[in-house]
Structure formats: C-alpha cells, structure tokens
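Q: Spelled out, the chains give:
2 protein chains.
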Amino acid sequence: MKEFSIIEKYFTSQSQPRQDVIIGVGDDCAITKVPANQALATTTDTLVSGVHFLPDTAPSDIAHKALAVNLSDLAAVGAVPAWISLAISLERTDEDWLDEFSDTLARLCEYYSINLIGGDTTRGPLSITITAQGFVPPESIATRSGAKPGDLLYVTGTLGDAGAGLDILLGKLDCSTLTTLNSQQQDTIASYLTERHYKPTPRVLAGTALRRMISSCIDLSDGLLGDIQHIMRASKCGAHINVESLPISPALAALVPAEQAFDYALSAGDDYELCFSLPQKNTSELELALNAANVNFTCIGQIVGGNMLILTHNGHPYQPAGHSFEHQFDS
Amino acid sequence: MKEFSIIEKYFTSQSQPRQDVIIGVGDDCAITKVPANQALATTTDTLVSGVHFLPDTAPSDIAHKALAVNLSDLAAVGAVPAWISLAISLERTDEDWLDEFSDTLARLCEYYSINLIGGDTTRGPLSITITAQGFVPPESIATRSGAKPGDLLYVTGTLGDAGAGLDILLGKLDCSTLTTLNSQQQDTIASYLTERHYKPTPRVLAGTALRRMISSCIDLSDGLLGDIQHIMRASKCGAHINVESLPISPALAALVPAEQAFDYALSAGDDYELCFSLPQKNTSELELALNAANVNFTCIGQIVGGNMLILTHNGHPYQPAGHSFEHQFDS
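Protein chains in written order, with our numbering: chain Y, 1 to 331; chain V, 1 to 331.
Calculated from the structure, these hints are not laboratory results. Among the clues, some could well be false.
No distinction is drawn between identical chains; accordingly, a pair holds when it is met within one copy or between any pair of copies.
As the list claims (entries may be wrong) - The calculated lysine-lysine pairs, modelled on DSS-like cross-linking and capped at a C-alpha distance of 30 Å, are:
#: 1; residue 1: K148; residue 2: K9
#: 2; residue 1: K236; residue 2: K9
#: 3; residue 1: K236; residue 2: K33
#: 4; residue 1: K236; residue 2: K148
#: 5; residue 1: K33; residue 2: K148
#: 6; residue 1: K281; residue 2: K148
#: 7; residue 1: K236; residue 2: K281
#: 8; residue 1: K9; residue 2: K33
Put together the whole structure using the sequences plus the hints.
A: Quick look at the structure:
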C-alpha cells in the first residue's frame, strides 16, 4: 500500500470533529484555531521499538503509550490537550498492525476529546513520534522553574510500578515466587504491574486542577531521582525526599522487599505521574482540587535551599541502589 | 552522552528568541502565543535515512532538507512559519554529526525567523521528524480543495531537477557524457542538480504572496503527476497539463533529451515547488505578487471538469514513461 493510502485509510476518520479544527488530516497542513485567551502548549515525543517499548509489544499498547507520554507532558504544564500529529515509521505495511494501532489511537482521541490533525507515514524501522498541542491560560502555566525553598514536594499516584512491570516482562521479576499467594493472586499482581508499564495514565485532569496553586511541576518519565533534578536545576534549589513516604502500590509492596520497592520508585522510569512543588499555604486548596479530580497524591518531601538532592529514610541518610533510567533496555 | 544533555548542548541556544515564545526548549512543553486574528497551521514530516535521503548525506544537508520539506507544507497553505519541534533518532551520539546538524538548523531558523521550541532525542536508526507551526489568516488559507474548471494551473520554479540530481548521485546519470562541454561546465551542471536534491527551497514567500488570489495549492514532494491528483480528488475536478510548457532548468535541458526531462518534471519527486490553480481573472494580480517575491512561475495547463488527468504535448496525447515517486530508492 502506498504512503497516501495508509494515511487516508487508517488515520483520517474522526468520530467527533472538534469545532476548532478548520482543516484536519489530508491537506499539506492542519489548520486550527487557538482560543484568544489561551497560550498554545506543544510537545513532541518519540517511541522507538526496542528502546522505549519491547519489540513484541501489541500495537494497541504502543498506541496507548505513544499518546500517553505526550499527554503527560501537556499535563505537566497544566494544558488541556486539543490536537495531535502522528509520524509513524513502519518496516512494511501490516494491515492488522495498522488496524489495531489506529483503532486504539482513535478510541483514546475520543476519550480525551482530541483530534488527530496530521500525519506522516514512512517506511523505516518501527518508531512513533507524536506531537501534541493543547491550551493553557498564560497566567497559570506550571513550569519546572518556580519551586522555592520551603515548598512541599508531592507526587500523584504510586511510583515504581511501571519499572517493576517491565522487569516482569523481561523475566527479572517473577510473581510465582510469591508462594503465600495462589496463582490467581500472583497473576493479578503481575497483570497490574505490566499494565502500568504498557498503559500509563497521563494525569491530564490533575494537571489542570493543579496549575493555579503549584510552584513547579514535571512528569515522571525517567525516574524520580533524574526528573526531580530538572526542577532543581530550573528552579535553582535543592530537594529533600523522605524515602519512607514514597507511595508504593500494594502490588509492588507484595512482590518485592521495601528497599527494592523504594529503588523502583526512585529510579525506574515510565510512571508518568506528576511531581510538583506546592507553597505550604496551598495545602488545603490542593486537597480540594485533587480529591475532586479523584487523583491520589502524597507529600514525599520538601524543596530546600542549595543545590543538593537529599534522601533520608526515617531521618537517616539513604543511598539508593539504582540510578535514573534513560530509555535503554540494554543498560 | 545522555538524552538530556544532547538536547541541552545542541538544541537550546537560540540567537533570536521570538517574542511569542513564552517557554522554549527545556520544559515539558513549549508554550507559545498565536496572534488573535491568525489560524495555526501545523505540519509533520519525517525523513528516514535510506528512504528519504542517501545514508551518506551530510548532516548539514539532512538538516536543510528536514526543515525545507516542512516549511514547504506551510508555504502550500500560505502560512508564515513560526516554530519547529524536532524529534531525532540517532544510532549513537556522534558529536561532529550533531554539531554540523544543529549549526545548520540554527542558521536556517535564524534565516526564516523561526524558533526551535522543543525536541526529543532518542537512540535508534537515523530519522528526523520535524513538526512546523505557522500562522495564516483564516480567510486566506490555500487548500487543495478549491480548484474550479477553467482555473489556470501553475507551478513555481523549475521541475525535475531534484530527481535528476538524485540520479547523478546514484550513478544513473553522468554529466561527463556531455562531451561538448568542458569539465568545469559539466561540474556546474552536476552541482546545480545535486544541490536541488540536497537543498530544496521552500517557497515560503510565494506561499504567502499567493494565498489571497489562488483557488488551490499543493507543494510538489512526490512528483507532479501524483501531487496534482491530490488537488483533483480534493477539488473533484480534472486537470489538463501541456507537457511542452513544463519549466525545465537549463542544467536539466543540457543533460538529458527533452522527453526524459519532461519525465523527471512529471514523475520525480522532491522539487518542493508549489503547484496552484488560479481563477483566470487573477492573472495580473499573480504577476505583480510573484514578481515582487522574485519567484519564477509558469502556466502548465488548466483545471477541467470530470476527474481525468489529461497530458498533451503540442496538442497530442502524451504518455509519460515514469510514475510518481513514493520515497523509495529501491523501487
């Protein structure tokens, strides 16, 4: 099948066209309208087979992740997603693969009320680049650079699940060692953790709920230890993390000893939770906002002066075993 | 070198920051402002090594082409370019390659007064995806769908040069067979044509100059025969091309017989000239506009009723030898 017909066949149908899309897929450019009182947020992320996902990952899961990692970036600045462009490289035209990939992408676009507005299909090693665009009021942008000493440090959800899920897929963790559990319970744990790897949830609602009250924000793609340092560098500050406060899911806690769970939470990537700093005066506002958005959140420490990242466990210095994950399965 | 430091080292310096960029490279998203009276034009194009460019292409030429093909799409809808996002996959960190690629990209961004606002660097087979954004007044968008029977059909510049340049690089054409020319003249021809392959000129000024007066427009990336059919399909019309009118450069005319030159002009891709239809009443306005933009243009035929593409040469039916080029060197 030719390049053009791939785009036309798989990526031009939109069940719910947005009013702000003047021209969508099928012309030289998409033409859209940004509301006058909103700034435009744009982010681009590429997933490469064998680097960002295992080569045997289902097309549906690849579609999910490719979209989620981009929406997660929009969430981190507090933007509401609007449109995506898709550049996809395929070794060969595989209609089953394209059917499943495009169906999932279309379903998720409908869920998030976003439109696919453009695409480029090329022949090459499998990789997916999505550019996502969204809106954020210019006065409420959450950046990496506003953290101040004294601000409290939070994360949404639980950390380390996606990393443990990947290790289950790679055979480095094995739920059948949980001999006190029956096989159905073991499967539930394995499936929860691997789904967290395959299908991260972008914190879109939380991002927009938080943007007015927080001082900085980042999404956790490369692991807390690595990502918090982006906030520290951009905000010219240090941070203190209470390791014992890190939110660990029941599944991860059941599977590995506490120290290993903390290591996943600190160093494994792909959680796509938000990490943000909050002026202390805003703590009640935070509870109201995130409870309304039905998102769990945990205070894991505090922004401090200087430029050091301090880890303690029940008040004692803590040395993590791992290191920030840089999207490579072979390291 | 890690993913983060590649982005920071090579792609964050902007010599001329635009006032409409609130946050550029280095946060989760770029944040920008679109003027209230303008629509946003967005386009995404990927270049894959071995598919869209020869594997030994210089990084500077890859940067040029990756930007040009995207700006050409903006030109086709009449948009003024504003910002680009870059997703680049590299097999390994090659600092010389990155130096040369990023230098050229930065120089071209300055030339076009655009800013690089975001990027993602991943490890993988060499490919470059650029998403370009620009502005166009909503009342002046040039699309593929407005052509009407009777409208005249035009192209900018000359056609077929890039295809012949590629064939010189592949050893399928040889300028040393031009025995009536000395070696310096042969080199001049080879170098003109290969530069047209490596460094297409996006018709940005022409695109904005034309947008008020034309009825449809497309940029010629895949060859005139293929691309004109996009206008025909979108506009529900036919087209008649007078093959003898196709603009052939002196270099191409010197190198190959007329019929072969027409075949390049009709079927080879990568010219990145604009092809547009014009209501006949607007011909004087067209001359004024494109002469002011210093862009050559040629009437090559007419939009007709029906849905057929008719080719004639001096009034006789014409059968081209080639077929539309679909970005594959191996076909």
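Q: Sort out which numbered hints this structure fails and list those numbers smallest first.
A: Nothing - there is no hint that the structure violates, so all of them hold.
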